[in-house]
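Student: Chains as they are written, first to last, in this note's numbering: chain E, 1 to 163; chain R, 1001 to 1563.
Simulated from the structure, these hints should not be mistaken for lab results.
One should not assume that every hint holds.
Straight-line C-alpha distance at most 25 angstroms; calculated DSS-like pairs for lysine-lysine [as the list claims (entries may be wrong)]: (1) E/K40 <-> R/K1136; (2) E/K65 <-> R/K1334; (3) R/K1191 <-> E/K69; (4) E/K65 <-> R/K1296; (5) R/K1190 <-> E/K69; (6) E/K65 <-> R/K1190; (7) R/K1180 <-> E/K64; (8) E/K65 <-> R/K1195; (9) E/K64 <-> R/K1437; (10) R/K1514 <-> R/K1437; (11) E/K69 <-> R/K1514; (12) E/K65 <-> R/K1180.
Since this is a predicted model, take the numbers as computed values, not measurements.
Here is how the chains run, residue by residue.
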Amino acid sequence: MKINRYLLSILVDNEPGVLSRISGLFSGRGFNIDSLSVAKTTDPDVSVITMVTYCDAHIIEQIKKQLHKLINVIRVNDLTEKQYVERQLALVKVHARTEKRAEIMRIVDIFRSKIVDVGHSHFVIEVSGDSGKIEAFISLMQPVGIVEIATTGAIALGRENGK
Amino acid sequence: MKLTGAQILVQMIKAQGVDTIFGYPGGATIDIHDELDRHDDLRHILVRHEQGAVHMADAYARAKKATGVALVTSGPGATNTVTGIASAHSDSIPMVVFTGQVPTGLIGNDAFQEVDIVGITRPCTKHNYLVKNPAKLADTIQEAFHIARSGRPGPVLVDLPKDVIQAQIEFNLPEPTQMKSYKPNYKPNKKQMAKAISMLKQTRRPVIFAGGGVILSQGAEELTQIARLANIPVTGSLMGLGAFPGSDPNWLGMLGMHGTYRANMSIGHSDLIFAVGVRFDDRVTGNIEKFAPDAKIIQIDIDPTSIHKNIEVDCPIVGDCKTALKDIYTLMEKEDPKDFQTDRTAWLARIEEWKQTTPLKYDQNYEVIKPQYVVEKLYEITRGEALVTTEVGQNQMWTAQYYHFDKPNHFITSGGLGVMGFGLPAAIGAKAAQPDKLVVNVAGDGSIQMNIQELMTAIESKLDVKIVILNNRFLGMVRQWQEFFYDKAYASTNMENAPDFVKLAEAYGAKGFKCTQPACVTETLETGLNTPGTVIMEFVVEREESVYPMVPAGGAITDMLLV
Ligand SMILES: Cc1ncc(C[n+]2csc(CCOP(=O)(O)OP(=O)(O)O)c2C)c(N)n1
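Using the sequences and the hints, build the whole thing.
Tutor: Shown next as structure tokens:
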């Protein structure tokens, strides 16, 4: 079957152990999580988990049902087929050799990213966007020399008229 | 009114309508046991191993149609429950397990007898809790029972730190449990039921496939009504035995790896499978690709994850089995019954032929006892009335094949996990639930040694059970696989060194009988069953007898090894 990228937004009780129930469900069944981010919502009793996974249509159905079956899961929202805004944040530390500095700043500009730390030998750049944009940025920075990367998982919200 | 945590626990358990709990004390639970001692209306059965307590609670739940309760101490007490919990989880048994825990201040410090039992049991419970705040104790206990028995039932564990048990808390009986995140759906979809009706009208070669869900939802009667109205033959999974009367001519016998020839052939050739409360386990389907190639499938299950998991379903109905069966029957009654029975003759005749050409059989014309013969005689002598538990292995399969269950909740076995050592504690738990019933555990010589210590529990608690040991001096089922698939290399399955079971019975204060001749099988059973108290009946049976028919793992269920 065809492997697709799926993006789920999951509302859960804000309680200790909930994340491990969810990740345990994945590891126990051999499902793979591509990225996971967790945060509180405006309701202190509820957290939102945004999860990205690659699998086929049959497995995502099982994943959604199994997630739903967990007692602490309030709602599973599959954004994949809907209109949504997705963001990921990356911090990228690159070599900032004198002869490359102009080029780096040009790319930073094009990507509407930001240099958040400037040193004698390194820049740290903050870039956000969907995973495609982050990947594109990273691939352009590769020749410059990437020292270290830290990225968050994806977060996403449905658009106003997103069906 | 201020109560201690222990007092609240006891109050809350009683409020659930439970009259018996199975447990074993320790430092972390002394206060609870101390409190229990003051309550004559909540019986505490002292077991000899915590695994036994959980299997007892499991069987108690099934035999009483209630929620089973086990209570154990922290650390080793808690870890000893894991097998029992996993078994109950596989079989969807409603159960609440209370574990003691070190005081909250010590949690996470590798304290004496501390384990993260909530972490350990996360994948094998329906849900679990660590109660850290005494004020939440009563609500949590009520919620635990609510979760255990609602929706698809299952075991719930509640971990109770010692300081929470000792705390003084203002107690009020909690409001009914309301949960934001857990609302099982009982009501089946009307459109899907209408679709099922039209499929039932079009079918020419239907089979009903009943599972444990029918029994758990108490829907056996409704299932039987539908089968009779539409004249549909019925098969069942191991967990579904008793969902339809085993003595009915339309009963096909069990389906699957050790199913009857006619059950497997019927499913293999059917054009419609009406599956109720089953999850299409691999022991039942054999090779999925070759499972029922011509059949459309209707599947009723309370748990949406059971649908489309292994098998594509044409008409999924999510809801309580009993409710759905009742609703479908009501719809059927509004139609002309003839519409549901069109052209059944050829199909039923073919099934009858399968039954006649390849019945379950064995040959007792030898000097050695055939294990099947013992089970068949047990069925005759008890007139199929006993509550029967089993261990795991050949003993379990022969019981499923040769003891014909007419009623639900009479066959109690570890289906999904297949736990050796289940049968004896299960028999004790069933007896606690149904003290007036005859309870028999059919055991292998290997399995009975896994929780043999519970004999003492049976005797001490006057929960008389009868134990039939089919002693083949082998781990029979594994030996059978070695015979078929490993060239008879019987590695590590020889059990020639066994205790003298008669003396063992006597050592515990039970009675023991041993039988080595076919001629004395009936007499031994009669004497044993009629002897008051707990009794072991040991039958020295054919050493290398195998369970037939058999579908080799991964084969099509219609590809059976016959005798
Ligand atoms: C706790 C546990 N350990 C191992 C097994 C694997 N196993 C399945 S059947 C079987 C043999 C059972 O032998 P016995 O109890 O003598 O019964 P028989 O098959 O001879 O009737 C074994 C070892 C199991 N099911 N459970």
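Student: For each hint, tell me whether it holds in the structure or not.
Tutor: Right, here's what the structure says about each hint:
Restraint check for E/K40 and R/K1136: satisfied, since their Cα atoms lie roughly 22 angstroms apart, inside the 25 angstroms limit. Taking the CA atoms of E/K65 and R/K1334, the gap is near 35 angstroms; set against the 25 angstroms cutoff, the hint is violated. With a C-alpha separation of about 24 angstroms, the suggested pairing of R/K1191 with E/K69 holds against the 25 angstroms cut-off. The hinted pair formed by E/K65 and R/K1296 meets the criterion: a straight-line CA distance of about 23 angstroms does not exceed 25 angstroms.
Proposed proximity of R/K1190 and E/K69 is supported: the alpha carbons are some 23 angstroms apart, at most 25 angstroms. Using a Cα cut-off of 25 angstroms, the hinted pair E/K65 and R/K1190 holds, with the two alpha carbons roughly 21 angstroms apart. Under the criterion of a C-alpha separation no larger than 25 angstroms, the hint pairing R/K1180 with E/K64 is consistent with the structure, at around 18 angstroms. Restraint check for E/K65 and R/K1195: the C-alpha separation of about 23 angstroms stays at or below 25 angstroms, so the hint holds.
The suggested pairing of E/K64 with R/K1437 is violated, with an alpha-carbon distance near 44 angstroms, which exceeds 25 angstroms. A hinted pair counts as satisfied when its Cα atoms are at most 25 angstroms apart, and R/K1514 with R/K1437 qualifies at roughly 24 angstroms. Taking the CA atoms of E/K69 and R/K1514, the gap is about 50 angstroms. The hint is violated against a cut of 25 angstroms. Of the supplied pair hints, the one linking E/K65 and R/K1180 holds, its CA atoms being roughly 17 angstroms apart against a limit of 25 angstroms.
Violation of the numbered hints given earlier is confined to hints 2, 9, 11; the remaining hints are satisfied by the structure.
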